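K.L.:
Generate the whole structure from the sequences, applying the supplied hints.
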Amino acid sequence: EPEVTQTPSHQVTQMGQEVILRCVPISNHLYFYWYRQILGQKVEFLVSFYNNEISEKSEIFDDQFSVERPDGSNFTLKIRSTKLEDSAMYFCASSEGLAGVGDTQYFGPGTRLTVL
Amino acid sequence: KNEVEQSPQNLTAQEGEFITINCSYSVGISALHWLQQHPGGGIVSLFMLSSGKKKHGRLIATINIQEKHSSLHITASHPRDSAVYICAVPGSWGKLQFGAGTQVVVTP
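Quick note, the sequences are listed as chains V and G, same order. Each residue of the first sequence is one higher than the one before, counting from 1 in the numbering used here. Each residue of the second sequence is one higher than the one before, counting from 1001 in the numbering used here.
If you are wondering where the hints come from, they were derived from the structure by calculation, not from laboratory data. As the structure is a computational prediction, the values presented were derived from the model and not from experiment. Accuracy of the hints is not assured; some may be wrong.
Facing chain G, a subset of chain V residues (Cβ under 7 angstroms, in silico) [stated by the list, open to error]:
no. : residue
1   : Gly40
2   : Ser48
3   : Phe61
4   : Phe65
5   : Leu98
6   : Pro109
In this text, a Cβ means the ideal position worked out from N, Cα and C, and glycines have one as well.
P.N.:
Shown next as structure tokens:
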């Protein structure tokens, strides 16, 4: 069964460093998402991506964050200058259609980001 | 913004017991998602439903769109059902807005 993959599974970085989290969505999917979950809190939406551009972003997704789909298969989340509060589990998800009209979102296993 | 509330926050059951988790939301939607988060953190979609009831194995999900309420039931619970169960509602561009989750522990 096709699945969403994410690398690395765990990333440790120093505050102020740039990190890139990578995702490979399911190949025929058109909608892509990044979510994050701070330890002990609920999952929060960061950004949605469709047709090679951001379709929506949350208040969390400030100028320190960027996403791109450089080669038609990978989907990356970059944090330019990490802060302690960026420590969280980051999930990539993809869907063939929109979740609101009947499509399931498939989640990757997550990348645990630890900022020291 | 849709407010998604789940109850209970935590639940402990003995193996074989019937479990119910509730979810309510504030803004009308066309579909609601139930997901399971494993102890390792991974998230798996269990159900997407827009009306009535869906059943998958020992899991049953129901939704009342008019009352903005959904329930997830686990029949004949088993220790392997121990996980966090999350309801989520879709918003613009399909983004999911998650409830806080219900931590379920099933003891042998």
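K.L.:
Does each hint fit the structure? Answer for all of them.
P.N.:
Checked hints:
no. : hint   : in the structure
1   : Gly40  : violated, 10 angstroms
2   : Ser48  : holds, 4 angstroms
3   : Phe61  : violated, 11 angstroms
4   : Phe65  : violated, 15 angstroms
5   : Leu98  : holds, 4 angstroms
6   : Pro109 : holds, 5 angstroms
Hint check: violations occur at hints 1, 3, 4; the rest are consistent with the structure.
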